[in-house]
Every structure is written in C-alpha cells, then in structure tokens.
Amino acid sequence: MVDLNLALQDPQHDGEPERDETTIEQRETVGLSQGQIVRKRFFRHRGAVISIVVLTFVILLAYSSVGLHVWGLTTPGWWPWHWRETPPLVNRGIPTLNLVPGPGFGVGPHPFGQDVVGHDIFALVMRGAQQSIMIMVLVGSVGTAVGVLVGSLAGFYRGWSDSLLMRFTDVIITIPFIVIGAVIGRATGALGAAVLGLMLGLFAWMGLARLVRGEFLSLREREFIDAARVSGASDARIIFKHILPNAVGVIIVSATLLMAGAILGETALSFLGFGVKSPDTSLGLIVAENQSAFATRPWLFWWPGIFIIIIALSVNFIGDGLRDAFDPRQKKMPSPRALARAATRRARDKRVSA
Amino acid sequence: MASFVTRRLIAAVFVLLAATFLMYILVSMSGDPLKELRESSAPNKLELMEARTRLLNLDVPPFFRYFIWLGGIAQCFVGQCDFGVNVQGLPVNVLLQQAMGSTLQLVVSAQLIAIVVGLAVGITTALRQYSGYDYSITFASFLFFSLPIFWVAVLLKQYIAIGFNDWLAEPSIGIAVLIGISIVSGLLWMSVLGGNGRKRLTTLAVATVSTGALLAYFDLTDWFSTPSVGIVGVILTAVAAALGVTAISVGLKNKNALRGSLVTAALGIALYYPMTWYVFRFMSLPLFLGLAVLSVVVGGAIGYFLGGRDRWQSARTSAIVSVIVSAVIALEGYLFYWNDYFNSTRINGRPIATFGSATPNLGGNFWVQGIDTFTHLLLPTIAIILISFAGLTRYTRSSMLEVMNQDYIRTARSKGLTQRTVVVRHALRNALIPIATIIALDIGALIGGAVITEFVFGWSGMGQLFQKGLVAVDPNPVMAFFVVTGLLIVIFNLVADLLYASLDPRIRVS
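Line order of the protein sequences matches chains A and B.
Once you know that position 109 of the first sequence is 109 in the UniProt record's numbering, the rest is easy, because the numbers rise by one and skip nothing.
Once you know that position 50 of the second sequence is 50 in the UniProt record's numbering, the rest is easy, because the numbers rise by one and skip nothing.
Because the hints were derived from the structure by calculation, they are not lab data.
By construction, the Cβ of each residue, glycine as well, lies at the ideal position given by its N, Cα and C atoms.
Incorrect hints may have been included.
Over the 10 Å line for every Cβ pair with chain B, so calculated as not near, a few chain A residues [unchecked claim]:
1) T29
2) I37
3) V53
4) W71
5) W78
6) T86
7) L89
8) R92
9) L99
10) L217
11) F326
Using 30 Å as the maximum straight-line C-alpha spacing, the simulated DSSO-like pairs for lysine-lysine come out as follows [stated by the list, open to error]:
12) B/K199 x B/K253
13) B/K253 x B/K415
14) B/K468 x B/K35
15) B/K415 x B/K199
16) B/K45 x B/K35
17) A/K277 x B/K35
18) A/K241 x A/K40
19) B/K468 x A/K277
20) B/K45 x A/K277
Kindly produce the complete structure, drawing on both the sequences and the hints.
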C-alpha cells in the first residue's frame, strides 16, 4: 500500500523536507462531508446506480399505470384496463408485446397477454407489483423502526433492560420468518395488504436490533459521548444526536437488505396462501393462481416472476452499493494503468530534477 | 466450558418455552377451527362441532390449552412424547415420524451439496478477484439471492423434469449443443485456473476439446440409454482423485502421501469386479453404510501406514481418496440398475419425478429404491441449493478475501511457501471459521426454504405438516413442526458458539 501511495504521489523533488503523507483514500475524500463521501462512493457502484434507475422506473410504472387505490383514495391510471376487468380475449390471450421490428411491432392491446377469462395480465402484474412494493416498504420501515428502538434501548441502557429485550429478541428469532409470517398472514391476510405489511414488520426486526445494539454498545463508550454527557446532554439527545447518526450506515444497509428479504418473503407467503388474498392480488399470488396453467399459458407465470426478480435484485444491488459506500475500510485500488502512468511520471520528474 | 454449555442449555429451554407459547397462542388465534363445519350442510353439524371441540379441547381458552399441550410434550422426558392429535383425530407423533425422515433427507442432502459447491466457488472467486469469472459469479449469486424459490421450483418442474424426461426418450446431443457446451466448459476452466495469456489459451483448448470428445463419445456409444462407469472410468477417476486430492491437500511433493493415495486408488480399482459381481446383488442399507465406513477406515489406515513422518496428513488424504473411489463404485451400482428402474412399469421411461418423495409400490432392490429416492430428491434439492449457494459463495468469498489481505499471508508468501500451502493451510483454515458459524445459524432460512419447496413438489414432509395444519387452524401439527425446527435452531445456535470457540483460539467461552 505504501508503494502505491508513493507511486501516486505528486511529483516531488528529492531533498525536499516534507513529503505528502496523505494516503490515496484520504486524498480522495479531502474537504468532503460524510454525506458527500458516501454519495460519491455510492454513485461509483455501477450496479447500484443502474438498480436505482430500474427500481424507480418499476415503481413509477406500477403506480401510474393502473392508478392508486389505497384506503378509498383512487386516482386513475393511464392504462385502459382495470385488473378485475375481463375484456374479450385477443388472439387466445397470447402477449401482444413484440419488440422484433416488422409486422405486429409494438405494445398492442395486451402486452403481457390475458388469462383464460380475459384479465389483462399487465394490469394484474402492475397491481401485484404495487402491493408487493408497498408490503416491502412497510415491512422494511416498521422492522427498522422497531429494531432501532429495541437495539438502541438495549445497547444504551444495558443492564436489565438489555437482558430483557435481548431475551425477547432471542425468543422471536427462534421462529423462522416464513413460519411466523405464515401464522400472521393466516390471521391478518384477509384484512388487506397494508395491515399484512405492518404486522409482518412487527416480526422482522430481530436481526437489526442485534446489530444496532452492538453498534450502541461500542459507540457509547467513546469519548465524544462522555463529552456530550459532561456538557449536560440528556439521554434522548445523546441517543438521537450523537449515537444514531454514527450508526446510520449499519441501519440503512440492513434496512435495505431487510426489504429485499421482505419482498421474497411476502411473495412466498402469498404463494403458499398465507399472504395477500383474492380479490386483491400480489406478485406471489399471481404465480400461485397460474402455476398449473404453465404448460398452456406460460406468460401468466413469467411476468410476475420477472417483476419479483427485478425488484428483489435491484434492492439487493442498492444494499450492496450502500454497504460499500458506508464501509470506511473500503479502498479503491487504482488500475494497473494508472499505477504505470504515475510511475513513469515519477521517473521523468526524477530525471528532470537530477 | 461445561458451565457455559449448561447455562446456555437452560437459557435455551426458557427461550423455547416462550417461543412455543407465542406460537401456540398465535396459531390458535389465527382463525376459526370450526369454520368448515360451521359452513357445512351436514345434518349432524352440531354433533360434529361438539366432537371436534372435545377432541381438540376447544372449550378451553388458548392460554390454558397451551399447558395441556405442554403436558403432553413433557412426557418426552419419560420417553412417551404426546404431540396430541390433529383435526382428523390422527396422532401427530406418527405423522411427525413419517415427515421428519423425508424432510431431513431433503434438507441435509441439499445443504451438504450447497456447502461443497458454495465453498469451492467462493474460494476460487476470491483467488481470482476482479476477473470475469468473479464478476459473473457475483452477478449470478445476486440473481440467485433474489430468486423466489417457489418460482424456480415451478420452472425446474417444467424444464428440467419434463424437458429432461422427453430428452431421455430419444437421447442424442446435437452438434451445435455439443460445441456450445464444450466452449462454455472451456471458458469456465480457463477463468477458474487463470494464469498468463498463454496458459489461459492452453487451458481453454484442452478443456474445450476434452469436453467435446467426452460428450461425442457418450453420444456415439449411446451412453445416456445404457449408462455405466466401466472399469476404464473407475481407473481414470480413481487415479485423477488420488492425484487431485493429494495435490490440493498436501502437494504432490509429499511422496508418502502420494503413494498412500495411489495405493488406495489401486485397491479400489482392484475391488471393482468383485464388488460388481458378488456384492451388489446382496446390497442393503446396513451393508452399504458399513462399507462406506469401512472404506474411510481402510483408506485412512493405508495412508497412515504408508505415511512416513506426517502420518495423519497422509491418512486424511487417503481417506478422502477412498471415499471418492467408493462413491464412484457405488455410482456404478446405481447405473447398473438404471435400466431396471427406467423401464419399470411405475416409471415408464420418465424418471425425473415432479411430485412426492417416493414412487408408491415401486418394489425393486436397494439400488432401484436408491435411484427412486434420488430422482425424487433431484428437483427440490436443486431449488434449495440455488438459494443456499448464493449466500455461501458470497460469505466464503468475502471471508477468504479478508484473510488473504492479512499480514501473516504476506509473511507466509515471503517465506517462499507455495501458493497451495498459503491458500489451503494458512488462509482457508482461518477463512472457514466465520463460515462454519454462518452455516450453523442459517438453519432457520433453510427450513423456511424447505417449507416452500415441499409445498411446490407435493413432498409429504414437515413443511406439509405445518402448511396443512395452519390452513385448518390445527395447532398440534403446527406445533410439532415448530418444536422440531425450534429445537434444531436453538441447538445449532449453541453449536455455532462452541464451534467458533473451538476453531478460533482467541475466543473463550465463559
């Protein structure tokens, strides 16, 4: 590493007393705030940036095409069909989406095809994506909120509150998510996707609580916390103003990964019949309803699956990008080409100065 | 140590009690167990409801009913577990015994393969960091990580099972497919082995040509209709195993170990004909397991006595070689009876099963039953492996990279140790420490995956017990499932802690 640093240092004249001792990592971040550093590193992760674009596109598509239908609030979408409408079958329900230039090129009336009674699969998949995304976000945010609360209380106050909260965490973490999720879904699935998401979130916080507790335990022993306490800061102020901002990296990364797990969990539960119930729909439910028709109408099965994968994959990539961005140990190795260039420059400068 | 284990066990008992209580209450309140009867039009509806209420103690509130259930479980301590009865009045004990076997079979085989493949791929990606191979495996593992397991399972059913069965009816490889597979395998070997430009090209050429030749040979000799390893195959794999295992574990320079493993391989080859002619016909499960253990012992003994100074090292190497050679010979046994299975009236030339865990009324000897188990395990195992594999490669890769950047690895290199010694001896052993604990802790996710896989493949295991029980709001089967999984999770948590402590001398349990 030292060699690398030397190789990349600005040309220097021999015999000059002070050398630039800043390392590459330091030099890259000089004069930048924490947020700027994180942002800069995040946008360097190509997969994560592409994923953000893709995910935004999917969310916009899902919520604008068939309109919003939440808690009595209804906005119209630009797509002509509702997901419960059964228009007459066009061409036996085969997808009309055709990206090969030539006759029939274009989107057509039913780009993703129709099922046996005529439901437009595009509208159905968009509605399913809406519900799955909503559940994913709800599980992620409720789980993160509870996890941060439990973890910070346990880590900050230690003692009996720590033991109590952590034993409680141990109890719930013994139950696999799919198992407790199925029981919760069996009880609350009929109450709608939003309630299901909230309830699932209440059983998805354990991993995060353990991580946050660990962060709090180590951060609360640091000098700046002592300094804050001596200057009279209250517990709440120390927690929210001093410790939490320092633990935010861990929290954001695990919240993202929690969401990626949540969408797979939700679709699996809906597939098993313990999640979102008909007449509403979710991506997992569409797959479950149509799995027997695979041989005759494979598009009923492909499209919802592809959307699950796109959403889960982009959230996973964003999580990976965030982890790289928040990891202070992360180094960017200069390419061999840059190293060679720096070495020749150094050699030339040496010759000039000699 | 003992006090640590005792304390953890006592804590585990309380955790399990609380978790079962929570589950019991949640399951009992998740719906109305009398719903289907309430909606039925049977004339004796009221009596049926009465009977079920009495059967399942539904007149007792869930809070107290839990203790009735717990009383039954407590009898396990006197050797008579009572998991209660399900809605139909069948004892759950019996159901659980049947279910546990098939689920364990599925989960264990899937996880073992996933560990072997995941570790191998993770290590090679770490050693070839930032290569095309590394990037493609990273992308693939992200993709697998994001795959819904139920969706993959349905795809597998359609393409692997039905497609492969169709292909087996008329097995022939087209010339384009042959060239395609050969080139892909060549590229794979090239990127795994790496090296400079010339070495890469040589690897590419050798791997492509040999894969192509092998496939062409299989195709021309109609191998897929009459598969067998043959004495030539056994000799080739045995020698390759002896050389390969020795090269990886102790290095070919260690003549004693090399001699030990070659002698083991030769013994295996010599036993090929006696085994196929005399032993295969009388094979049974105890004999099979006995022979498996015997092969490990004999291999180890050969290595030990020919081992020279480093006896245990060479014993280990020979034991691994012995296991591989025995596995090849056992494979020959299965392939020997493949046509019996393939043409049996229950199978009718469509061997890859998409439903259930065994063909009913199949009959046949040990080998045919074994093939049947294998063809039923194949698809669910692939589904579970795909998901576990993703996590395992990622963990292995990052753990291995972390270790490879440590100072002591640089020291080992600067001492002039070979790449093999540095990677296997110094790096891999330390990289395995966190992976061992992660594998132990992942058991919960594994069981979750098994529930879904069993559902898709109609596998009558514990997942079904859970799923059907929950649909019927029937706490006893659900709780039986949960007692087993919860127990496994708690035990594996403890094992993870102990494993970490025993593998990493810096950690002390107290």
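Worksheet item: Would the least Cβ to Cβ distance between A/R92 and chain B come out above 10 Å?
Response: holds, 20 Å
Worksheet item: Is the Cα-Cα distance between B/K468 and A/K277 30 Å or less?
Response: Answer holds: B/K468 to A/K277 is near 17 Å, not above 30 Å.
Worksheet item: Is the nearest CB of chain B more than 10 Å from the CB of A/L217?
Response: About 17 Å separates A/L217 from the closest Cβ of chain B, which puts it past 10 Å; holds.
Practice prompt. Below or equal to 30 Å on CA atoms is what counts here, so check B/K253 against B/K415.
Written response: Cα-Cα ~18 Å, so holds.
Fill in: 10 Å Cβ clearance of A/I37 from chain B
A/I37 is indeed farther than 10 Å from all Cβ atoms of chain B, at 22 Å.
Worksheet item: Taking 30 Å as the top limit, are the C-alpha atoms of B/K199 and B/K253 close enough?
Response: holds, 22 Å
Worksheet entry | Status of the stated non-contact between A/F326 and chain B (beta carbon gap over 10 Å) | Since the minimum Cβ distance to chain B is about 15 Å, A/F326 lies beyond 10 Å and the statement holds.
Worksheet item: Does the no-contact call for A/V53 survive, Cβ to all of chain B over 10 Å?
Response: holds, 17 Å
Practice prompt. Run the C-beta distances from A/W78 to all of chain B and say if the shortest one exceeds 10 Å.
Written response: holds, 28 Å
Worksheet item: Does B/K35 lie within 30 Å of B/K45 when you go C-alpha to C-alpha?
Response: Holds, at about 11 Å.
Practice prompt. With 10 Å as the threshold, tell me whether A/L99 passes as away from chain B on beta-carbon distances.
Written response: Nearest chain B Cβ is 22 Å from A/L99, so the label holds.
Worksheet item: Does the alpha-carbon distance linking B/K45 and A/K277 stay inside the 30 Å limit?
Response: Cα-Cα ~28 Å, so holds.
Violated hints: none; the structure is consistent with every hint.
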